[in-house]
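Asker: The primary structure of each chain is shown beneath.
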Amino acid sequence: MATLQSLDIKRRSATTETPPNVRSSIEVAKLIDVSKCIGCKACQAACYEWNDLHEEVGINVGLYENPHDLTDKTWTLMRFTEFDNKGNLEWLIRKDGCMHCEDPGCLKACPAPGAIVQYQNGIVDFISENCIGCGYCVKGCPFNIPRISKADNKAYKCTLCSDRISVGQAPACAKACPTQAIYFGTKEEMKVHAEGRIADLKERGYQNAGLYDPPGVGGTHVMYVLHHNDQPQLYSGLPKEPKISPLVQFWKGGFKDVALFGFGLTALLGFFHYVTKGPNEVERKDEEAARRLSGDR
Amino acid sequence: MTNGWNDIKNADVITIMGGNAAEAHPCGFKWVTEAKAHNKAKLIVVDPRFTRSAAVSDLYCPIRQGSDIAWLGGLINYILEKDKTQKEYVALYTNAAFIVKAGYSFKDGLFTGYDEQRRDYNRAEWDYVLDEQGMAKVDPTLTDPRCVYQLMKQHYARYTVDMVSRITGSPKDKMVQAWEMIASTGTPDRSHTSMYALGWTQHAKGSQNIRAMAMVQLLLGNIGIPGGGMNALRGHSNIQGLTDLGLMSNLIPGYLTLANDREPDYATYMRTRQFKPIRPNQTSFWQNYSKFFVSFQKSMFGAAATKYNDWAYDYLPKLDVTYDVLRAFELMHQGKINGYFCQGFNPLLSFPNKKKLTEALTKLKWLVVMDPLKTETAAFWENHGEHNDVDPTKIQTEVFMLPTSCFAEEDGSLTNSSRWIQWHWKAAEPPGEAKTDIDIMASLYRRMKAMYAKDGGAFPNPILSLTWPYIDPEKPLAEELAKEINGKVLEDVPDAADPTRIVLRAGQQMPAFALLRDDGKTAAGCWIYTGVFTDAGNMMARRDTTDPANRGVFPNWAFSWPANRRVLYNRASADKDGKPWSHRKRLVEWNGRSWGGFDVPDFGVAVNPTAGTMPFIMNPEGVARLFTRGMMRDGPFPEHYEPFESPVVNPLAPKIVGNPVARVFKGDMEVFGKASDFPLAATTYRLVEHFHFWSKHVPVNAVLQPELFVEISEELAKEKNISRGDWVRVRSNRGAIKAKAVVTKRIKPLMCDGKPVHIVGIPLHWGFTGATKKGFGANTLTPYVGDANIETPEYKAFLVDIERISPPVA
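Sequence order for the protein chains is A and B. Heads up, the first sequence is in numbering that gives the first Met the number 0, so the first residue is 0 and it goes up one at a time. Heads up, the second sequence is in numbering that gives the first Met the number 0, so the first residue is 0 and it goes up one at a time.
To be clear, the hints were calculated from the coordinates, so they are not data collected in a lab. Incorrect hints may appear among the rest.
As the list claims (entries may be wrong) - Here are a few chain B residues that sit away from chain A, every Cβ distance over 12 Å (derived from the structure):
hint : residue
1    : C26
2    : F49
3    : M247
4    : P316
5    : A327
6    : K364
7    : P402
8    : E669
As the list claims (entries may be wrong) - If you want a taste of the chain A side facing chain B, the calculated C-beta under 7 Å gives, among others:
hint : residue
9    : D7
10   : G86
11   : W90
For each residue, glycine too, the CB sits at the ideal point set by N, CA and C.
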């Protein structure tokens with residue numbers, strides 16, 4: 000899905016290569032105003048259409064979600080929760096998909112060089128030809144987003160329409176949304192827009208309305224306006240304080256140094272061993288022992 | 000819509016009742032979110048289900064389906080009791096002050112003049128007292144006990160909070176809160192808009208549902224002002240256009256009516272249509288009826304329509320009864336209709352009682368289906384297992400499938416709910432052998448004409464004399480038809496004052512309907528569309544987005560009938576002196592010499608307010624009707640009647656079943672279900688993921704909502720031992736369907752007349768063709784009865800039972 004060039008890349012997975020950082024792009028963000036969303040699934044349809052994804056026709060399992068989860072072909076999914084708020088029913092409808100974290104757990108977990116990149120504008124993109132299908136990105140994601148395709152064993156997720164954005168277009172979902180529940184622009188603009196929406200919601204009695212831009216992952220480039228920002232879990236399990244799994248943190252953080260130290264130490268000890276003991280040579284008694292063991296007397 | 004989609008942004012309070020705009024009209028719904036975001040508007044949703052519209056509402060009030068008139072009657076009572084009306088508006092602009100004949104009364108759920116045998120009223124007494132000059136008597140103080148205001152007050156006094164809650168099952172607190180919010184717009188600076196759709200029309204008293212809210216809007220002064228109005232959200236992209244051009248079997252274009260067989264000549268026909276004013280100085284615009292009718296006849300028959308043959312009046316059919324769709328299929332079922340042209344719709348899934356429909360289609364000799372898709376109707380003779388369990392060897396109907404182009408494959412216009420007629424351009428060639436509907440119809444006409452010319456026939460004149468002035472008679476262009484509908488000048492029309500001056504020149508496109516004539520010098524296919532294609536060009540193709548004063552008027556975007564007017568009755572946005580009721584709701588006003596403003600005034604531009612001419616210029620009264628005289632078959636005031644299949648007995652009139660004047664055919668009454676056998680209240684509806692029965696052919700839509708389901712409350716699920724995703728069978732007295740169960744908190748049992756009423760929701764999108772899983776049509780279950788006035792079938796309220804079943808064997 001690489002639609003931008005290397006100059007636009009801020010970070011690459013599993014590599015020490017430093018991007019040139021000669022371009023400074025404005026950080027973008029998609030703002031999903033859950034309070035304006037009518038759950039029409041136009042965004043989901045637009046995602047299939049723009050990305051030419053052919054999801055299978057499923058079955059109904061007694062829910063409005065179709066398909067029933069994100070898949071390698073369903074990169075965004077409307078999730079519905081019925082919430083009884085002290086006798087007043089609320090139907091909380093959330094568009095689920097990649098949050099494009101500033102500090103992306105998937106990228107950190109990825110062992111394949113350049114399979115996951117983050118662009119200067121903040122978009123986290125999967126570069127399929129570099130993907131080895133190990134599934135570490137799935138484990139690394141605090142939002143449980145990437146899915147591995149059974150067809151080609153590669154990971155897929157929302158690209159934030161990096162191809163559209165690179166030519167100055169809004170993402171397909173934002174373009175299709177009939178109620179402007181999906182806004183797209185610079186991250187700063189989106190924060191300002193969200194303030195106005197939150198003030199409106201507070202006026203309508205949602206005292207805990209707020210912007211979901213979780214600091215645990217350095218903020219995200221997909222943000223939500225929530226009526227109940229104090230309880231994001233209400234919205235089909237949106238995590239309250241998402242963090243990159245400590246395992247990934249350890250694996251790619253502290254443990255990486257320990258591992259590198261281990262590699263280095265082994266090499267160093269080997270070298271000293273060579274210098275002090277010289278090469279390992281086969282002596283006569285060894286050959287005899289071997290002959291004995293093989294029964295060749 | 001009296002107003003338009005964009006105008007919703009001007010509303011302060013929005014009620015979605017009898018519709019579900021977020022699901023059925025998601026794009027138009029954006030104007031609700033605009034009103035909320037920029038006008039601090041409050042959204043009220045009243046519905047048996049907590050819908051996707053309710054999900055973004057400020058207040059949701061549940062209601063039992065089919066009890067809307069009770070709820071609205073309660074609101075009328077609340078407004079009158081709490082004195083929340085916009086008083087000057089009500090006194091001046093409605094018929095509140097009109098004195099009603101002494102013979103009119105209401106008792107035990109029935110108005111004066113009921114004839115049980117005929118299931119009809121004698122409506123002679125439902126009228127005003129007229130003086131010797133034929134003028135209606137009024138009491139401006141509204142205190143006369145026989146004035147409309149007092150009769151209305153008396154009529155709705157029965158609709159107390161307790162009574163309404165007992166009928167509707169609406170919780171009293173939510174209901175009163177909603178009433179209070181709506182009634183808050185009875186001030187000049189606030190407005191309330193009503194957004195409704197088939198949730199109101201698809202009842203045996205559908206027209207009266209709408210009337211009831213129209214009364215509320217009049218009492219609050221919300222008609223004719225920005226952000227107000229009665230706004231019908233039309234269910235197809237061009238159904239408004241189809242209605243305007245005479246879709247109804249008793250109409251001809253522009254809401255002129257076909258003659259009936261008691262009107263043998265033109266003079267008799269005109270006698271009941273050209274209403275004279277019944278109040279001094281009123282416009283009574285239908286006085287111009289003959290101008291529209293004669294211009295229509297000239298458009299149809301050209302030189303063959305002359306004043307010597309009463310403008311070819313004899314060429315038009317005369318109705319003995321109305322041939323609505325229910326009657327058509329009833330006659331087909333009786334074997335009296337044996338050929339059927341089905342153009343662009345899918346009756347096997349759209350009309351009630353699928354079993355009866357299949358039997359009716361089986362009795363046809365031939366069926367022609369014109370459609371871009373292979374519809375269920377075209378395939379009615381195919382066996383699709385339990386989803387269409389017929390024996391093809393027993394069906395002799397010959398079916399012709401004529402593939403047509405879809406909207407993107409042809410030029411033409413679409414008229415939206417806002418009455419905007421918007422031109423669209425062909426984007427692609429139709430696939431395969433598909434042809435436009437126009438080409439198919441033109442070819443059919445040409446062949447029929449040739450046969451009539453050769454063989455004669457009983458009455459060849461109308462067919463042979465039809466004007467057909469197209470460059471290629473086999474392929475009339477959409478633009479040619481649009482020009483014809485707009486109308487043109489046939490002979491020079493000189494100025495009345497100065498005969499040397501020519502006002503209209505022969506050959507010119509008609510610039511406006513006000514200039515149409517009944518002397519044969521003008522032609523217009525549909526008078527309300529005059530102005531769409533003038534000598535200035537195709538006005539429907541205009542795409543100017545300027546909007547002076549940011550009122551959502553957009554005067555130079557396409558063309559809005561009538562006369563490019565965006566808000567109907569907009570004269571009522573100003574007081575009797577022509578000053579706007581409030582600066583906030585300014586639309587048109589009198590500037591001392593003429594009427595003007597942001598919209599095209601719905602009024603004579605030079606009529607000085609001192610003349611006392613009232614805003615509702617179509618009515619002979621000049622004012623809007625709270626009391627409809629004898630114009631509605633089922634009563635001058637809306638009255639609550641239960642659906643024909645109801646879980647409760649009508650608490651207001653226990654002896655009356657259904658709407659007492661709704662037409663029911665023999666055999667259909669017998670298969671109405673009883674609450675003792677079918678205790679659950681069912682309703683049918685659309686989902687946002689699909690558009691009727693078309694989008695199930697589109698893979699993406701099929702993915703989004705793949706399989707038929709029904710929705711029930713957690714309480715009913717528990718009672719019936721049904722879990723989420725289980726297979727269930729839903730039965731009515733006419734058939735049964737199988738579906739998956741969606742168990743939801745969004746449906747709750749309602750306490751009606753002291754007992755809980757459970758609701759079963761049934762989406763209607765599935766059939767046996769397309770990309771989705773096969774499913775049953777919701778119309779397998781629905782009753783065969785329509786609205787008493789316009790015969791829209793009662794799909795929204797009927798009785799069923801439900802049970803869990805084992806999954807079908809794959």
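Asker: If a hint holds in the structure, say so; if it does not, say that too.
Answerer: Going down the list of hints, with the structure as the test:
no. : hint : verdict
1   : C26  : violated (5 Å)
2   : F49  : violated (5 Å)
3   : M247 : holds (31 Å)
4   : P316 : holds (43 Å)
5   : A327 : holds (34 Å)
6   : K364 : holds (38 Å)
7   : P402 : holds (24 Å)
8   : E669 : holds (35 Å)
9   : D7   : violated (31 Å)
10  : G86  : violated (10 Å)
11  : W90  : holds (4 Å)
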